[in-house]
Amino acid sequence: MNSLNFFNNLGYAWPETIITLFLAILVIYNLVYPQARRALGIISLLGIALALGFTIQQMWTQFPTDPSWLSGFTRMLIPDKIGIFFKVIILIATAYVVLFTEFSEELRGTFDRAGEYYALIFGMLLGMMFMISANNFILLYVSLELVSYSSYVLAGFMKTSERSSEASMKYIIYGGVASGIMLFGISLMFGMTGTFYYFDISRLLMMININSVLFLISGIMIFTGIGYKISSVPFHFWTPDVYEGAPTTITAYLSVASKAAGFAALIHLVRNCFVGAVATDGYWVMLSHFYWKELLVYLAILTMTVGNLTALWQDNLKRMLAYSSIAHAGYLLAAMSVLSNQGLIAMVVYFSVYLLMNLGAFFIVILIQNKTGSENIDDYNGLGTRMPFLGACLGIFLVSLTGLPPTAGFIGKLYLFLALVDAKMIILAIIALLNSVISLYYYIRVLRHMYLTKGNNESPITPSFGSVLIALSLAVPVLLFGIYFTPLIEWAKTVVLR
Amino acid sequence: MTDMSTLSTFLTHIGLGHFLFISGMLFSLGIYGVVTRKNAVMVLMGIELILNSANINFVAFARYGNYGFHGQLAALFVIILAAAESAIALAIVLNIYKTFNNVNVDEIDKLRE
Amino acid sequence: MDLYLILFYFFAIITLVSAFFVVTTRNVIYAAFNLMLTLFGVAGFYVLLGADFIAIVQLIVYVGGILILLIFGVMLTNKITDTDIKSGFLNRVPGLLIVGTFAGILIGTLLKSTWRIAAPLPPPVAGLVGIGNLLMTEYTLIFEILGAVLLIALIGAASIARKQSN
Amino acid sequence: MNQIPFIPIALIILVLPLIGFFFTLLFGKKIKQMYLFETGIITTALGLSIYMAFMKLMYYANEKIVSELTWIDLGSTKAFGKISVDLGMMIDNVTVLMLFVVCLISTLVHLFSIEYMKGDKRYNRYFSYLGIFTFSMLGIVFTHNMLMMYIFWELVGLSSYLLIGFWFEKKSASDASKKAFVVNRVGDFGMLAGILILFANYHTFTFDKVFAQISQGVLPFNSEFWLTAMGILLFCGAIGKSAQFPLHVWLPDAMEGPTPVSALIHAATMVAAGVYLTVRIFPLLTGDALLFIATIGAISSFIPATIALTQNDIKKVLAYSTISQLGYMVMALGVGAYAYGFFHLVTHAFFKAGLFLGSGSVIHAMHHEQDIRQMGGLKKKLPITYTTFLIFSLAISGIPLTSGFLSKDGILASAYAFGNLTGYKIFAISGFLVALMTAFYMFRLLILTFHGEPRNEEKYHHAHESPALMTMPLVLLAILSIFAFYTINPLSAQTGWVLKDWLKTPASVVPEHARYSFMVQKHDEKPEAAVKHEEAVAEKPAAESEHTIIHSEEYTEALHHAHYPAMFLSLAVAGLGILFAFIMYFWRKINADKLADSVKPLYKFSLNKWYFDEFYDFAFVNGTLLLSRFLAWFDSTIVDGIVNGSAVVTRQLSKLSGLFDTYVVDGLVNLSATLSGLLGIFTRKFQTGKVQTYIIMVVFSLVALLFILMNYGI
Amino acid sequence: MNHAPLLSLITFLPVIGMIIVLLLPKGMEKAMKITTLTVTFLQIVIAGVIWSGFNYSLGGINDPNSFQFIEKFRWIELTGVAWLNTIKIDYFIGIDGISAPMLMLTALISFIAALSSWNINKAVKGYHAMYLLLVTGMMGVFVSLDFFLFYIFWEVMLLPMYFLIGIWGGPRKEYAAIKFFIYTLFGSVFMLLVMIGLYLSCQETLAAGQKVFTFNILSMMDPKNYTATGILSPLNPHNLRFIAYIGLFAGFAIKIPMFPFHTWLPDAHVEAPTPISVILAGVLLKMGTYGILRFNYPIFPEITRQVIWWIAAFGMINIIYGALCAMAQKDFKKLIAYSSVSHMGFVLLGMASLNTIGITGAIFQMFNHGTITAMLFLIVGVIYDRAHTRGIYEFGGLATQMPIYTGFVTIAFFGAIGLPGISGFISESFVFLGGFGFEPIRLLTILSTIGILLGAGYMLWTLQRVYLGPLNEKWNQLQDLDGREYAMLIPLTIIVLILGIYPSFMLGLMNTSVNALVDFMAKSPQLFSSIGM
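Protein chains in written order, with our numbering: chain G, 1 to 498; chain A, 1001 to 1113; chain S, 2001 to 2166; chain B, 3001 to 3714; chain Y, 4001 to 4533.
Calculated directly from the structure, the hints in this document are not laboratory data.
As the structure is a computational prediction, the values presented were derived from the model and not from experiment.
Hints may contain errors.
[Unchecked claim] Derived pair list, reagent style SDA-like, types lysine to any residue, alpha-carbon separation capped at 20 Å:
hint, chain 1, residue 1, chain 2, residue 2
1, B, Lys3064, B, Thr3044
2, B, Lys3121, Y, Leu4471
3, G, Lys424, G, Thr280
4, B, Lys3171, Y, Gln4479
5, B, Lys3381, B, Glu3369
6, A, Lys1098, G, Ser161
7, Y, Lys4125, G, Ile461
Please put together the full structure from these sequences, using the hints given.
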């Protein structure tokens, strides 16, 4: 391999390269100017913007359709558009989280470590980028660990806070075991196939018969790692605790970005390892070595139901949003379980929407937390009248999370159900629908506390201009896509078409 | 007699199965350790056992399946990752000790339903 | 071949017994030392499997690095005056039940399965060159990422462990 | 054809009271004299109606003037054809007679009320109510179809509601008005069912069109049973409105309204509407239906008569007497004496209105004292009232030279003849018994009120004859209770113009074998009337030619034979009744109280009105209320509960954990909520906060998932 | 489209109003109220223009050419690929004789309720914004001819309603609001599923000959448009049309509300502020029955045939059950709420008759219930405003104190009883006539007529307890109606009376469509059921 080839191959990983570069820049800059916190944010945004640019540029790059033709390290990457989509999602989420950090009061105590904060975010970002495009189990594992390590630290970033420290400890123990199980699964997979590459495994699966029980065990163990990232029941246990304890910005980040990376990894794993071909009607012809459909259907039902039911009982808004994010993972799994391009479209649409509404909800939670110092739902009493604009925004986000028109959340649900009904998975569709009814309880409960209950304090709260701008930038698309969703779907279509 | 002979054959002819047995045991012991130990550091030890068991697998599969050096490389990476993880984990445990004054995992359950 | 057999059982006993003590002993320091033995045993297996390089890395990184780290951890999280550093157990029964079931299934399946085993088992190859080649070509990316991982681990661990500046 | 614009005049007559109502209602508060406007309007209507009745009866006695317009056009569909709802007016002899009665009595009551109601705080409102009542009543009179009949039927119900409850501050009055409306609704319920059958089968409401179809053999649901049922159901309306057994209970209570109102609607017009309805639907009634009607009529005439014997409230006596007389009319129709039934309606309207107005005069004089035990000797104080009251009493008792004799005798004769023809003699027997009782209680009333010594000196002292505006209607009605207005022969109405020329029994349209046998016309005989008016008939469509024929020869014969026995018998019983009354109350040869004591159970039974109210209260009112309370409880507890998840479980749970309670209040309220709440509690349990537990569960899930997936085959 | 976009205007005018209200600074409460009033008044004007331009001879139902004031343009257009359906969603609105009366009703009731909102002084801005949004939702539901659009409008109403009850309601407002929300949402999720199922089963042919899946409900009424394999396609022998029918029906039934889904209604009514009760009873409940007529009937005619007895049976249960429950109430508003349950039963019964007269009666009853019950709620509002209690037994003899008010009460009450001369009579008797004319539900119709008896019972009893009898001295300072209340009650009274005397005003509007529907329902079940076999 000559160096020219290396740089040629780097073309597949420009965004990642840029992120690595900016990671280094951040670290160095912080060493040189330890006090310049604002600048770090700006540098981060710059880096993200650049990476985003390159990522979007990749949309128009022609990649070889069969990754096994690639040479060098690029063999480990799947340069497909679905991956690009998830990268875009992650980059946007990162940008927002960087912005949110500016508004977070609770992170104020850690501003002396802002350099580390941004560096860790970039590390996580880098990990997720590779996790998304991983075409190799080792890469998957390594990048997953990179994401995990960064997020362990970020979750415990407010180290003087008990909650944050505890979250971080639980996270690392849980994550360590989950990734350990995954690693063991990978090792079994390696033992059966002799390779780490998805496409090699796929090719092998088409030819040879593999002991199924072992294959099942291996598959489930590998899924454990991914399931833990996307917080699918029964691998979700860390989610509420960590979400509650972690700084809210990081919670938002985990709930969107790391979930996106997990789902992208899942999609790539399934699509590149276990799909024989795509039928003309969009359904995937599965290589019958692993019961993906059954597994995903069961887990989808479990995930959304457990998420929603438990969310009913939460008084802490962050914790409630944690369960809500579990429930949404359930919907996404349901879309995944269709195992078709339609399902993929539904996932893409849903995730685009989920990005907006979930980030939005967390942003408002952050802003409210700044004022009241609490995420407890009782402290939301009467906030709707005290801060009408932000209250309305939170209302929009929550309604969207419920999936009611005319918000984008409805479009996400619509496409999900379109895929499910098209696949004649009516029972799952009904369960999902009932779940969305249940979810109304706890989403509306927030609004109830904000608007229907009288608070002790009546003094109005005026949000800063910046926060209004950010909230608007999330709320307006949520409404807009709810009414006119052509661009959303067009994008999803481009993304899913290989 | 066949049972005895298969068993003795098994015992005397070291093959992949032996290593897999060791790794399976290590894995299970690791998880058992994680699950049962109070002390956070000992929980981490359990995790190390899990990682080691996987590593044995990698190397053993590569050797018996003649898969080249991929297995060894994987083991190498895992060792490196384990080192990094331990560093972070210990930092976190130290922090826990600072805030909670103990490192008993079961007592750190403020975040719960 | 006999030596191989003896060595295997030697390492196997060391590994499993010490691993057993790691998870059962009350004393944290004992556990740490038993872990060392386990890791040592595992390194022995690597040698038996012809992976010398990995065995050495195991010894250097694990025994020399991680274990020391863990012992530091033990020391730093216990009051120095405590002579016997003990730690209790929990979840023993459910842990035993579930992990036992799981182990049974796992090991049973592992042993029962037919694996792809190269028909004439080729002799072990000294690995350093091969590993190095692969590392620099196919696995460059992972190599690079590992760099980032280490950087992140460094930053992260430092960020958490260092003293609050103000 | 008609030189006289009957329809426009009828429309004007119909609308006038409505105008009166609106204006009086709207401006009554501001302009004190609105009652005069209203009275003027009614008087105008009376004038017009007299003109119309005269012209119709004199010159067009055998014509039927019909005018209709499409009210609602529902277009047509392939499956059901064209559907439209017509409104229309029909003017025949019955119409104009009824019109005259209604307008006259309404006018008289207006006049009477001017004095009687003087000083009431809602004086003008009262008159406006009279206006809407008159309007509704006229609507019934003019209608040519069942729907309009029902519409005005309900409006009459409304106006009676308003009038009975006019003094709504009195609880008894508002109770009575509600009772009247609701009990009437019970009857209407049957009537509505009848209408439904009618419309479902004939797709029209118009009487003539329905009759035409029935006479062509179109039966409801192709069954005579349903024809009978339809007739009976339609008649249910009459049971309600005419206060027939078993729905008669509202009428005595309705006496809570002002007395002129009782005279107007509860004696002469509204209650007669039921009879009028029966008259209108007479052609479609089968023999069985008629028998049913006759039975209802007989019972309704008998029971109230027994009750009236013992009542002490002057108006109550009259009320029961009214029911009894209405029962007579209904019975008359039931036994096929169409003409007599209607004739009795007319005569009864006059003398009963008179009686009520007379009692109003008494009550007015006695300062709203209604108990006859407090009266006595009023003859001297109220001479005009007394005289007219006496005439009315004679009339209702059926003493010759009065109108009452003519009609009542006719009915009794018909019943007698009916008994001879069919064997159902019970109607005649009951009729004569009632005649006996009627004479008795009327004279008991008369004697106790006007004769003897005053029993309440103070009230007696203040009593004085009513002003002219009140006595004038009495006199007028008394005059109208004289035979001369109906016939020249005081002993037989048959020869009178009313029966001979004006009231013709319409031919039944039901299949012949479903009629009373005596109503079947032998085919070889040409009906007398038909021959007589061949010219007029010839111009009409064939279906209508049968419309004015009388009974068969056989019946005419029987009636003829029954006439004299019945007459003598009725005279005898009336005389006997009067005699008894005089013996007991005038000469006091028999102590009424002692007699009552000797038959105490019977007396009590009668005094307490056969316990109908108690029974209904117990069985229906309370039953319904209980049911409704039960259902409300059911609704709030069970239905809600089932939907909300078992209420008990909810409550127990809320006790168990105060947490749950807050959530129940918080809005986890229905089944899904409770269930999901419970499940939520369950799923929460896993989130222990201990990371090692989580890991155990993860490992467990791994095993579980493995087994689940292994189920799909290895 | 060569006419002014009147329907869009009438639908989205309130949104404009809402924006104005939101932009108005705090403290200009009066201006907000005036904005709402103006907007709703303009809606009445537009409704009048629509009425004047309405062609009575066009039937609508399943024929796109005979709908009126159609506005149709592509809203969402997504070209598909082999495995991805081309999605074309139209902004397709139009009215026929079934929606036109509802449109008029909505315009009218919105205005009346806006008037009634005048004395709401808490968080005026939010109230009026929500109110106007609600009005848009209601209008939209009645004009949509595209299922997707319909669904969006349907759901858009939920949130404003939740807040309107929840913020401005009575003591248990939160409970009532969430109950309303959950019930309705529960119903509508099934509707969503059926919508998707229909979408994936039904194709329309574009001008270019291309076949695309469609949300167009008119296309769904033609069995020829269904694909062979769609789960809701009659061509598919294993279709789920029956289950889908039930699901869709349940969604609408909750809104009606049909027994046993009715329990949200009393709570919602009791807790809601007067104008919202008026809207709720006046318009919202109609959406359920309207939906059944617009969707269940023509899209699933063969199943409608199968279940028609059940619809009638539930209608009967509603009538009787509602009436009996009403009788037991001690809360005035709850009584009227239950009377609504009873009256909506008439609509169900009438619809089940499948003949002109019955369906006419049903639609007319929808309109009449809207006006009469609105009056009733306003009436309760009047005394509640004054006395701050609604306990029936706490009043008595108000007629002495407030005679004019009692006059209106009498009209409204007798209207509710179905007294001739008031519009309710026509519709109720048409329902009975229609129901009785249809053999399978004849007995049910007869049983239902008990309802008029019970209706008279509880209404008159209430009239007596509250208004008649001796005056309860506690209330001897109550004032009679003021100008605003006149302005609310008089128009309704006039409409109720005019329609009682000359119903053809309204019946003419709907007649052609009703006949078209009846004809459609007569012939299409065979088409739908025979095609698959």
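Given the proposed pairing of B:Lys3064 with B:Thr3044, does the C-alpha separation stay at or below 20 Å? Violated - the C-alpha atoms of B:Thr3044 and B:Lys3064 are around 24 Å apart, more than 20 Å.
Does the structure keep G:Lys424 and G:Thr280 at a Cα separation of 20 Å or less? At roughly 17 Å apart (the allowed maximum being 20 Å), G:Thr280 and G:Lys424 satisfy the hint.
So if I understand the rule, the pair passes when the alpha-carbon distance is 20 Å or less; does B:Lys3121 with Y:Leu4471 pass? With Cα atoms ~15 Å apart, B:Lys3121 and Y:Leu4471 stay inside 20 Å; holds.
Take the C-alpha atoms of A:Lys1098 and G:Ser161, compute the straight-line distance between them, and say whether it is at most 20 Å. holds (10 Å)
For the pair supplied as a hint, Y:Lys4125 and G:Ile461, confirm whether the alpha-carbon distance does not exceed 20 Å. holds (18 Å)
Does the structure keep B:Lys3381 and B:Glu3369 at a Cα separation of 20 Å or less? holds (15 Å)
Take the C-alpha atoms of B:Lys3171 and Y:Gln4479, compute the straight-line distance between them, and say whether it is at most 20 Å. Measuring from Cα to Cα gives roughly 23 Å; hence the hint is violated.
Hints 1, 4, counting from the list given before, are not met by this structure.
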